[in-house]
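Residue numbers (the working numbering), protein chains in the order written: chain A, 60 to 581; chain B, 210 to 381.
Think of the hints as simulated: they come from the structure by calculation, not from any bench.
Covered stretches of chain A, going by a simulated chain B footprint (3 or more residues, C-beta under 8 Å):
id	region
1	119 to 128
2	285 to 292
3	362 to 372
4	420 to 428
Every residue gets a Cβ at the ideal spot worked out from N, C-alpha and C, and that includes glycine.
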Amino acid sequence: MTDHSTPEQPGGGSPTPHATTATGAAPDRTAAPDQPAAPDYPATPDYLDMPDYPVAAYVPMAATALTDQERWPAQTPEAEANLARLRTHPKAPLYNHTCGDRLTAQAVNRLRDYAKSTVDANPIGATPATPATPATPATPATPATPATPATPATDWIMPLVERVYATVPRYRRLPVPSSLSEVPVLTRHDLLVRAEQQVPDDADLSDLIVYRTSGSRGRAATVPMSPEFCALDLPLIEHVLGQLGVTVAGGPSRVSLVNVYQQPVAYQFASVSSYWDGAGVLKVNLHPSGWRSPGDTVGFLDDCAPELYTGNPISLAALAELDLTTRPKAVLSGAMALDPTTRERLAARFGCPVIDLYGITEAGLLAWRTDGPHRLLPRRVHVEILDPAGQPVAPGDVGEITVTCGENPLLPLLRYRTGDFAALEGRTLTHFQGREPVVFTVADGRAVNSIELTHVLSPLGIVAYRLHQGADNAVSIEIHHVGAPTPGAVTSAVRSLLGAVPLIVTPTDLSQEAKPQRYSRD
Amino acid sequence: MTSVPALTRRLADTPPDFLADDVSVAAVVSDTLVALGGPPLAHWPERDANLSRLILVTCWLAHGQDPAPDRAEALHALCTELGTLADLVDAARFTTDPDRREELARLLLRAWRTTPAGETPAQAEDRLSTVDSVRRHRVLAESRAAEQRAEAVRQAMADRRAEEAAARYSQV
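Use the sequences and the hints to build the structure in full.
What follows is the structure, encoded as structure tokens:
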């Protein structure tokens with residue numbers, strides 16, 4: 060179940076259960092002495108006095124602790140000017156946080172080397188079939204035909220296992236295995252209970268950052284990582300875009316990425332990316348409560364004209380409702396499943412490729428797709444598909460996606476159960492189901508898998524939904540109201556599979572949930 | 210076959226002279242090596258008082274056992290390896306404390322590659338591990354270091370600087 064009670068993570072991740080300012084008191088601005096003076100942050104100070112601020116952790120700027128120098132160690136004067144422009148823009152959202160990339164010049168170089176050696180050099184990341192699309196393409200770019208998947212090198216796995224067994228407390232007293240299959244599987248519960256037991260003894264703690272998982276598979280877990288691992292998204296996103304003939308220009312005179320949310324309250328901030336040569340990176344809440352004037356949202360976003368939008372199906376559906384005149388080069392959706400119909404609608408609306416990303420906070424981005432199955436990203440991530448007992452399923456069978464990855468220096472993962480389910484065929488994840496499948500009962504007593512419900516509901520283009528079957532077999536389904544089909548269409552689709560079960564369809568606002576869980580039953 | 214109880218009894222009977230400070234340690238070690246069939250001591254550097262007493266007690270334990278040149282050689286090697294143990298335990302306790310007597314007896318037998326009477330090699334190794342002062346000290350030190358590290362990680366994860374985090378670029 061999604062944790063409804065927690066505010067989201069300052070950096071733009073999933074909800075965090077730990078309010079940095081539990082008392083809701085006014086923020087201590089002395090913690091960041093070189094922060095710009097009040098005029099740099101619109102709506103200060105009456106903004107701080109907002110009487111009914113709903114979540115203590117969202118008290119504006121209360122979750123900040125660094126200086127700007129620490130936030131952007133590699134910042135250039137041009138990037139600083141770009142940041143100032145975004146911070147002081149007259150139509151800017153009500154920023155309530157500030158957040159950098161925390162990347163040193165060395166880290167930026169390592170990421171660029173990573174892009175060259177691991178991402179670009181991988182056969183899966185074949186040369187783009189089409190040239191880079193212009194900033195405002197008239198029609199959606201045609202996805203390149205994927206190159207033949209290659210078998211990835213696995214010579215890094217056993218050295219990683221040996222390193223983890225030598226340095227990670229959880230494994231220290233266990234006999235060193237001779238193969239990966241002998242390594243016990245690691246569950247989210249293991250991380251939840253004692254995350255510190257997973258941090259290597261020789262890991263540098265000075266630059267540790269934390270994110271909380273969404274809690275969509277149970278209680279939220281705290282995930283430590285390095286800023287460099289966090290920024291691994293950038294070369295990976297570039298790789299995906301490269302498959303579609305899209306390149307990110309970056310540079311300190313533009314905004315490259317806007318990460319959109321649609322929640323009653325959410326952190327909003329302006330940042331710049333050293334990896335993208337000072338390009339702006341924004342986290343923006345499209346909810347009206349995040350802006351001073353209703354027209355500011357469109358004015359600000361059109362003025363930013365970002366190269367990329369990222370978000371989730373709900374926030375991107377809200378974005379699609381805006382009368383934007385600018386067009387991104389691509390839109391990337393994550394956090395929850397993006398149905399093909401919704402993807403096509405978004406692609407038509409924005410006139411660009413729309414990409415469905417799959418990843419987890421603990422391991423980063425893992426796979427992506429446009430119109431086919433999820434393709435694994437060319438990372439040093441080993442994927443296994445396991446049954447409930449931890450044994451590999453037969454090739455092509457659906458099981459739990461389990462990953463081994465040493466790219467986060469603060470949280471190396473050996474055989475980590477993601478809580479998501481799919482089959483592995485070559486380098487693609489097929490029959491992807493996200494959470495564990497749920498079995499529903501048809502009116503005549505037969506059982507059907509939730510994946511079959513996905514198949515009948517997908518053509519309707521529902522942005523997000525929650526379907527529950529009670530012990531009496533009655534079904535209730537809540538559908539996100541934005542762009543929703545008629546209840547009659549939903550009823551017909553569900554009954555085409557489940558038969559004449561009692562059924563209630565309710566259009567509602569699901570945007571308050573980090574990841575609405577699609578299926579459940581008594 | 211040599212039994213552990215026989216050796217611990219001998220340690221319990223250690224003459225007080227072997228714990229005295231005015232004994233020529235080099236002479237006692239040399240005499241013991243010769244009695245075991247080895248060559249006399251050629252060189253003996255000055256050692257800490259407690260280590261010297263522990264070496265004297267060890268020589269008392271080894272003296273009178275069945276001679277063999279390799280035993281002499283192994284005793285010589287053992288005497289050079291007792292420094293860590295002497296740093297942790299007062300030498301007199303190896304004559305008065307039953308666990309310490311058993312520890313020294315088993316250390317000598319292991320040095321001599323002799324399995325105690327009535328035990329298998331695995332049992333002997335396991336029993337030595339239960340009375341091994343150096344091992345226990347190391348485990349405790351490692352445990353303390355591990356807890357300190359875990360606390361440092363917990364603090365780092367709860368730090369406001371970690372909570373501020375860094376900008377994320379996608380939603381997962």
